[in-house]
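Listed here are the chains, written in short residue letters.
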Amino acid sequence: MNDAALLRLSTGAAGAEDTSVQAMFEILDARIRVISSSVNLLRQWSMQYAAFRVRPAAADITVVVGVSEHSDDPQPGEGAVIVGDLVRPWTGDEPLFPPLWLPPLDGWLYLRGSAVGRAGEAVLLLSEQRPGRTLLSVAMLARGAWLLADEIIPLDPQDLLAAPFPKALILDREALGLLGIDLAHPALMPFRTPAGEVEWRADPQLLLGAHASRVAADAGALVFLESTGTNGRPRLAPLTRREALGRLCAQLHRMPVRFQVGMDALVQLCRRTPTYTLAPGSPEQSARLLDEELLL
Amino acid sequence: MVPSWEEPRVWIMHPQRRTPPDEAPRPVSLGTGKALVRRPAVERRLDDDRVLIDVIGKATYVLNPTAWESWELCDGRRTPDQIVSELARRYQVDEATVAPGFLRVLAVLEAAELVVEADP
Chain A
77 MNDAALLRLS
87 TGAAGAEDTS
97 VQAMFEILDA
107 RIRVISSSVN
117 LLRQWSMQYA
127 AFRVRPAAAD
137 ITVVVGVSEH
147 SDDPQPGEGA
157 VIVGDLVRPW
167 TGDEPLFPPL
177 WLPPLDGWLY
187 LRGSAVGRAG
197 EAVLLLSEQR
207 PGRTLLSVAM
217 LARGAWLLAD
227 EIIPLDPQDL
237 LAAPFPKALI
247 LDREALGLLG
257 IDLAHPALMP
267 FRTPAGEVEW
277 RADPQLLLGA
287 HASRVAADAG
297 ALVFLESTGT
307 NGRPRLAPLT
317 RREALGRLCA
327 QLHRMPVRFQ
337 VGMDALVQLC
347 RRTPTYTLAP
357 GSPEQSARLL
367 DEELLL
Chain B
124 MVPSWEEPRV
134 WIMHPQRRTP
144 PDEAPRPVSL
154 GTGKALVRRP
164 AVERRLDDDR
174 VLIDVIGKAT
184 YVLNPTAWES
194 WELCDGRRTP
204 DQIVSELARR
214 YQVDEATVAP
224 GFLRVLAVLE
234 AAELVVEADP
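Going down the list, the protein sequences come from chains A and B. Position 189 (the first sequence) corresponds to 265 in the working numbering; numbering is contiguous. Position 71 (the second sequence) corresponds to 194 in the working numbering; numbering is contiguous.
One thing to keep in mind: the hints can contain errors.
[Unchecked claim] Reference excerpt, derived from the structure (chain A facing chain B, CB under 10 Å, subset only):
1) Thr95
2) Asp235
3) Phe267
4) Ala313
5) Leu321
6) Leu324
7) Asp340
8) Val343
[As the list claims (entries may be wrong)] Pair by pair, the computed Cβ-Cβ distance ranges are:
9) A/Thr316 / B/Val160: 29 to 37 Å
10) A/Trp177 / B/Gln215: 48 to 56 Å
11) B/Ser127 / A/Pro270: 35 to 43 Å
[As the list claims (entries may be wrong)] Chain B stretches covered by chain A per the calculated footprint, using a threshold of three residues with CB under 8 Å from any CB of chain A:
12) 160-173
13) 176-190
Honestly, the hints are just simulated from the structure, not real lab data. A quick note: this is a predicted structure, and the numbers were derived from the prediction, not measured. We treat Cβ as the ideally placed atom computed from N, Cα and C, and that holds for glycine.
Only chain A is shown next, with the shape it has when bound in the complex:
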């Protein structure tokens, strides 16, 4: 069966014969082929997940999208996923790409946050709020740390190692200033946010080079970022394991499919990892505090 027929079969897309485009990704050892009738959508995903692009090969998962050419927001019924011989329509309950809800990707735990570190240990900065968290991560990079993941941190429930997840960074002028990166850097792709601001998207490896780690790391500390700062010096406060477990559960990106395995892993992580809250000061001050207290 050719790809156009696959598109029609999976999504009911009409007239897909001449327009389908494809890309291959490898995410956490799962090979994913995307077949899309929308060039815009595939281009968007390819920019966000550029570091995951690989040469074509046999796929573990095939994502088929029959969205119209002018839309970059697939609706339920316009997508399907194929794992082995099984074709499943996409219901819209979880993002179509990357399909973290499908095996083998559903075997990981996903936390909302950033992972930055030194040597083989990472500090997991956990928070839903991207701008402040990314700025803090960037300030730590400026001090010589490396970045493992920003936005989603995959955690192996067996060995509790955090895996690299080099999704494209989204940086504003302040973040680029902290890193001392020229706005004309070839890795930067500007775009306008819905609020009209200009920000830049960048493949972490192209932008950061050796400071973008591709090696899994131990979680040396968990830091939950408070939303409000101290109007001055940043403050790091230890958490009880009970509090840490509650906060960790709240930062799960998605419910673990193997619930007991997932929760066991979180309990284990709380047992063996120091946990803190950070009431942030300026990004530079906060980064210095974390670096000196937890990494150096």
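Chain A is fixed; fit chain B onto it per the hints.
Then chain B, alone, in the frame of chain A:
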């Protein structure tokens, strides 16, 4: 040595959602005279607390030591009244001291169907 009494507490740690235990309704088993029994759940230690992982209900609960003891006393033989009496005896405090906290914990565990009335 008699352990010191601490108000029993249970914390619900549901991924993506946290329900304050205070929102749990009154225990349904109260006044029925029936014994309570706990449903199997995965149990883990976390410092002095214990963690109950409810695989069926897809939720996780952290119980402090007195809540844990309350849970363990739901053994299929004791009614709520008898559990309160037993806790009061073990900690050498009044039943009136034990009862309010125990009932709050029982309400949460019943709402989660981790504790049910035992079959006669």
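Here's how the hints hold up against the structure:
Hint status for A/Thr95: violated, given a least beta-carbon distance of 38 Å to chain B, over 10 Å. Given the 10 Å rule on beta carbons, the hint for A/Asp235 is violated: about 18 Å separates it from the nearest Cβ of chain B. Hint status for A/Phe267: violated, given a least beta-carbon distance of 29 Å to chain B, over 10 Å. Interface hint at A/Ala313: violated, since its Cβ lies 17 Å from the closest Cβ of chain B, which is beyond the 10 Å cut-off.
With 10 Å as the threshold, the beta carbon of A/Leu321 comes within range of chain B, its nearest partner Cβ sitting at about 6 Å, so the hint holds. Below 10 Å, beta-carbon pairs count as interface contacts, and A/Leu324 has one with chain B at about 8 Å; its hint therefore holds. Given the 10 Å rule on beta carbons, the hint for A/Asp340 holds: about 7 Å separates it from the nearest Cβ of chain B. Using the Cβ-Cβ criterion of 10 Å, the hint placing A/Val343 at the interface with chain B is satisfied: the shortest such distance is roughly 5 Å.
Look at A/Thr316 against B/Val160: about 31 Å separates their beta carbons, and that is inside 29 to 37 Å. For the hinted restraint 48 to 56 Å between A/Trp177 and B/Gln215, the CB-CB distance of approximately 52 Å keeps it satisfied. Under the hint 35 to 43 Å, the C-beta atoms of B/Ser127 and A/Pro270, about 56 Å apart, miss the expected range. Here the region 160-173 of chain B counts 5 residues with a CB under 8 Å from a CB of chain A, which clears the bar of 3, and the coverage holds.
Three residues within the 8 Å Cβ limit are the bar, and the region 176-190 of chain B against chain A gives 5, so the coverage statement holds.
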